[in-house]
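K.L.:
Taken in order, these protein sequences are the chains called A and B.
Mind the numbering: the first sequence is residues 0 to 846 in numbering that gives the first Met the number 0, read in order.
Mind the numbering: the second sequence is residues 0 to 295 in numbering that gives the first Met the number 0, read in order.
For the record, the hints were derived by calculation from the structure and aren't laboratory data.
The beta carbon of each residue, even a glycine, is placed where N, CA and C say it ideally should be.
Be aware that one or more of the hints could be misleading.
Here are a few chain A residues that face chain B, going by a calculated C-beta distance under 7 Å [to be verified]: (1) 128; (2) 132; (3) 134; (4) 135; (5) 136; (6) 149; (7) 299; (8) 304; (9) 311; (10) 414.
A few chain A positions that, by computed beta-carbon distances, are all more than 10 Å from chain B [to be verified]: (11) 4; (12) 100; (13) 194; (14) 230; (15) 411; (16) 468.
Label pairs and their computed distance ranges (CB to CB) [said to hold, decoys possible]: (17) B:135 to A:421: 33 to 43 Å; (18) B:74 to A:827: 31 to 41 Å; (19) A:125 to B:178: 50 to 60 Å; (20) B:89 to A:344: 29 to 39 Å; (21) B:178 to A:230: 53 to 63 Å; (22) B:51 to A:71: 47 to 57 Å; (23) A:156 to B:156: 18 to 28 Å; (24) B:82 to A:125: 23 to 33 Å; (25) A:781 to B:109: 54 to 64 Å; (26) B:89 to A:230: 56 to 66 Å.
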Amino acid sequence: MTALTRAQARELIHGLSHWTQGYAPLPGAADELIGPDGTPRPAWARLARALGPMSPGDLARGFGSAERHIREVGISYRVHGEAADRAWPVAHLPIVIDAAEWKAIAAGVAQRARLMEALLAEIHAGGAAPDGAPPAAAIVGSPNYLRPLVGVAPPGGRHLSLYAVDIGRGPDGRWWVLNDRTQAPSGAGYALENRIVLSRVYPALMERLRVQRLAPFFAAFRDGLAALGAREDPRIGLLTPGPYSETYFEQATLARYLGLPLVEGDDLVARDGSVYVRTVSGLKRIDVLWRRVDGDYCDPLALDARSRLGVPGLVAALRAGGVAMANMPGAGAVEQPALMGFMALQCRRLLGEDPLLPNIATWWCGEPVAREEALARLETLAFADAFVPGPSTLGAELDAQGRAALAARIRTRGVDVVGQEVVRLSTTPVWRDGTLEPRPFSLRVYAAATPSGWQVMPGGFARIAERPDARAVSMGEGTLSADVWVLADAPVARVSLVPQERIRRVSGHLPSRAADNLFWLGRYLERAEATTRLVAALAAARLEGGEGGPGDETVARLEGLIRALGAVPDDEEDAESADGEGGGGREAAAVSLVAALPARDIARTALDDAAAPGSVAAAIASARRAASHLRDRLAPQAWRLVSELSPGAPAGEDEIASPADTLDRAQALLERFAAIAGLVHENMTRSDGWRLLDMGRRIERGLAACRVTGALAGAGATSGDLDALLDIVDCQITYRTRYLFGPAPAPVRDLALIDPNSPRSLAFQAERILEHVRALPALREDGLPEPPERLAATLARGLAIADAATIDAPALAAFEADLADLADAIGARYFPHGAAAERPEKLSGLA
Amino acid sequence: MIYRIRHVTTYSYEATVASARCVLRLTPRDDAGQARLFGDVRVTPDARLREETCFFGARLHHAEIDTPHRELRIEARARVRITRTPPAVPAEDPAFEDVRAAAATGTSRAPDAPVHALFPSQAVPAAPEIAAWASASLPEGTGVFAGTRDLMRRIHAEFAYAPGETDVATPAREAFRARRGVCQDFAHVMIAGLRGLGLPARYVSGYLRTIPPEGRPRLVGADATHAWVEAWCGPDLGWIGFDPTNAALVGPDHIVLAVGRDYADVSPVDGVVISSGGQSLAVSVDVVPEEEERGA
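Bound conformation, chain A alone:
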């Protein structure tokens, strides 16, 4: 959505006559705004009348607010093959449909959903095919037909809990089914987001027009999911392929909206016919999974062994009835175009009803009669794969050679091909450069199986083609989406998803994978901040001390420390080795005094060079990756702050930046970190998740405290070193109020390490971690402390009796090793596969 100028807004609301002026529907296609009689359809007339009283300012403000919402919430989608998300393109105007027309559509969609369920039940019952059943090849050819599911009674009693169908209005004015979606329909969450966006643009208008609400549909869908579970108050999860899925944002939106945890295959364990979530409180049984992972990827044991997204043993659990799924794996076996030509017949056979909603005429070329017809109409039909969704080929657009190849393919393997009637989709007005233009669209409508039958979402997910001649519309580059307003005849009750429930103060069990990601989000954020503090200190030291001055030693120590953290690429470590600095790994605490001045700007490299694992840029990228797995748990504002973190553009292309520029950038970045820390501190519920995030931060901060103290407050530290250390640990003011003399090693060490009141001291971190592990759930039944608690307590006790005057390098190394052990113990106790976070590995081989 692009913001509207006031002038444009004025035009938009100038009234119906202005709208229709110069708006010309395309010849040969129906139009939503202008009916078949050449006058505006009544629903659109109502919209235009209602827009009338809006002032141009209101409208422009509305569009601005919608834009902000899209940006803030980060509504996005991913085009297959692209690494980055795209911002969401939503049209300024909704598509408007009146109640009577919608009623007919909804009845047709509900009927088709019933038909799909009946067909799925017959296919999966596994008996002999009855008379009149579709050819086996039209079913079995689907890659979504899953043989291990044949003969498995679906727990909860249904294969299909959510059905979606793409419909379009043909030139005759009727709505036609273009595609069925029974596998794991997507887009309902985008419909929800589009509604939220447009309600910001037209807040009062929606009420005045009696636009039917979407919330009751989602509430009914959730009830339907709950009804699948065998237990009272079942635990329901949304099984996602993860953040690299094209529709992950949508899944996170739906999970948040419906109050379901987002789980990945790794979160789940199938054992003895049941499925459990790995949580920090141990394994917790899950009753219902809403599946967004493709059916054949659900279980690498029973289904596609290549899958890394599934749960080994899930199908066995389904067979045992220990878990229910929506939709069942295998439900995708009825969505292929090959079946379309048989649907009217199947509707009469299985439901005893005539279809209310026709689908576009389809010839499956596995059948000799249909094949010959399709071959005879090669020049007028569109041809598509019978089973795999993809673009179709227009026979008319093929040359003689192309047609011969197509005909040969149909004759050899007609089972793979369908011919389909070419439908010119109806157009809807879109706002283009200050005028309205007709663009074709298709509409995805959703039906949910609920305890009281199929319910159809009043509205849907519309996709509008960028070009006027598009036949089929997919969400890709240059495609708009639009909200769909179904107008009610009577006033609409205000319902939103606010169920009446008893008060709870616990947030459910934290999944181990979320614990893992929260902990590492905390660590990476803190690591990025710690390195930025060093960069700031280095730039400041450069700025203050001239060449050859007393500050040189501090500069060298800081540079050595930054190198030791791995914040500069490996190729520069040669110089370090030449100086006798062994290894130079991230864990090294001791730093050589004599680091040769590098040709490159260490401070700037440590900020910007993502190739160095210890750089600020790399830590930020890692933090973002961890956060991307947590989108259902992070507040939109927190996600935005993390996703927008960046060291900022360097001032120039020079290898060496001015220390002042680097200092400015580092300080700007520190403010962003402070904003995130503030958000976490002030706005995050003190749940187990917060504790994990905070523990990650504390571990990393503790490690940093050991390292900077070792480098800057060891034997032979200069007053410049100590001063830099006080800056890094933010203790200048405290120090000055406590001591009259300038920085001395022992008092500085005390503040940086041992003083439990100093929020950057090691002791402070140890005490917070001890509080966290004590508050987190325990698995032991004997009440004895678990390993993380024992280690945290040992560390805290050691610091409580430590003396700053005598702390030397070996003592520091021991504290650092204790912290590393504590981090490992936390990983082993709370994360899915322990500290090493190993991935399942395939066991195979021609045996």
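Starting from the structure of chain A, add chain B where the hints point.
P.N.:
Below, chain B alone, put in the same frame as chain A:
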């Protein structure tokens, strides 16, 4: 003929494996051509074993192992009586076009129905170049049996048997391009060729009795698993076994373990382990005719 079969699979891991979930397809099939007299699978370390019959009729075991281990040993033993004889050349050999039409239009989805072997599958995706090559064996009006046998013989004649050059994951197209491979590759190539022409073809895993050279004793453990093809030759002839590795029709020396669309449906051991290190695999197979055993 009665065979005793011992099939031992051993995985050795570099690092300790905390848990493993496996599917074992190591129990010979019980069907019209062979009777399973005995079948047993043992897993070390101790596993929770659950038996199940898969869609295509193979008996399989699910194994759940939660004991930490460095070695996983799976030993399968079976005793099978083979009653199958090689098919005679059919008197009536239907034109392959009619077989193709029958496969496409049937309504049966029963496990033995040809339709399951008609479409591309995980290890045998569509390969137009293989179909084009196969079509030389099946010009218009050819009998399906004659054409399929010709295709089998061409694979045997034109492909080099080259153990060790391919592995279980080698795509059919690659083996086809190189004209080299082992039984699995030949079976996949033949399946791709037949399916590409619209004819149902499926994959059979099993064992082949090996006959030691004259005067030499049989070497223990030296046998191997084998793979061949079943082609559907119309409703009257049904499924007929073709062994492209040996250019032979399947007879009493072949013992069927499992049938499926391709190797992925029948791989003897499949599973996932949680481990951080590498693994190595050793397999030993003995297929001993009972008379020979008695004589020894």
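K.L.:
A separate judgement is required for each hint: does it hold in the structure or not?
P.N.:
Do the hints match the structure? See the list:
Interface hint status for residue 128 (chain A): upheld, as the beta-carbon distance to the closest one in chain B is roughly 4 Å, under 7 Å. Interface restraint check: residue 132 (chain A) against chain B, minimum CB-CB distance 5 Å, threshold 7 Å, status holds. With its C-beta approaching chain B no nearer than about 5 Å, residue 134 (chain A) sits inside the 7 Å limit, and its interface hint holds. Interface hint status for residue 135 (chain A): upheld, as the beta-carbon distance to the closest one in chain B is roughly 4 Å, under 7 Å.
Evaluation of the residue 136 (chain A) hint against chain B yields a held restraint, the C-beta minimum of about 5 Å falling below 7 Å. Look at residue 149 (chain A): its Cβ gets to within about 6 Å of chain B, closer than 7 Å, so that hint holds up. Below 7 Å, beta-carbon pairs count as interface contacts, and residue 299 (chain A) has one with chain B at about 6 Å; its hint therefore holds. The interface hint given for residue 304 (chain A) holds, since its Cβ lies 5 Å from the closest Cβ of chain B, which is under the 7 Å cut-off.
Because the closest C-beta pair between residue 311 (chain A) and chain B is about 4 Å apart, less than 7 Å, the hint holds. Annotation: residue 414 (chain A) was flagged as interfacial toward chain B, and the flag holds, the nearest CB pair being 5 Å apart, inside 7 Å. The beta carbon of residue 4 (chain A) sits about 53 Å from the closest Cβ of chain B, which is more than 10 Å, so the claim that it is off the interface holds. The Cβ of residue 100 (chain A) sits about 38 Å from the closest Cβ of chain B, beyond the 10 Å cut-off, so the non-interface label holds.
Every beta carbon of chain B lies more than 10 Å from that of residue 194 (chain A), the smallest distance being close to 40 Å; the non-interface claim holds. Every beta carbon of chain B lies more than 10 Å from that of residue 230 (chain A), the smallest distance being close to 23 Å; the non-interface claim holds. Not every CB of chain B is more than 10 Å from the CB of residue 411 (chain A) (nearest about 6 Å), against its label as outside the interface. The beta carbon of residue 468 (chain A) is kept farther than 10 Å from every beta carbon of chain B, the shortest such distance being approximately 31 Å.
At about 37 Å, the CB distance of residue 135 (chain B) to residue 421 (chain A) agrees with the hint of 33 to 43 Å. In this structure the hint that residue 74 (chain B) and residue 827 (chain A) lie 31 to 41 Å apart at CB holds, the actual value being about 34 Å. For the pair residue 125 (chain A) and residue 178 (chain B), the supplied restraint of 50 to 60 Å is violated, since their beta-carbon distance comes to about 41 Å. Between residue 89 (chain B) and residue 344 (chain A), the C-beta spacing of about 36 Å keeps the proposed range 29 to 39 Å intact.
Here the CB-CB span from residue 178 (chain B) to residue 230 (chain A) is close to 59 Å, well matched to the stated 53 to 63 Å. Checking the proposed 47 to 57 Å range against residue 51 (chain B) and residue 71 (chain A) shows it holds: the Cβ atoms sit about 51 Å from each other. For the hinted restraint 18 to 28 Å between residue 156 (chain A) and residue 156 (chain B), the CB-CB distance of approximately 56 Å leaves it violated. Judged by the Cβ atoms, the range 23 to 33 Å given for residue 82 (chain B) and residue 125 (chain A) holds: they are separated by roughly 28 Å.
Separated by about 57 Å at the C-beta atoms, residue 781 (chain A) and residue 109 (chain B) satisfy the suggested range of 54 to 64 Å. Checked against the hint of 56 to 66 Å, the pair residue 89 (chain B) and residue 230 (chain A) passes, with Cβ atoms roughly 58 Å apart.
Comparing the model with each earlier hint shows violations of hints 15, 19, 23; every other hint is respected.
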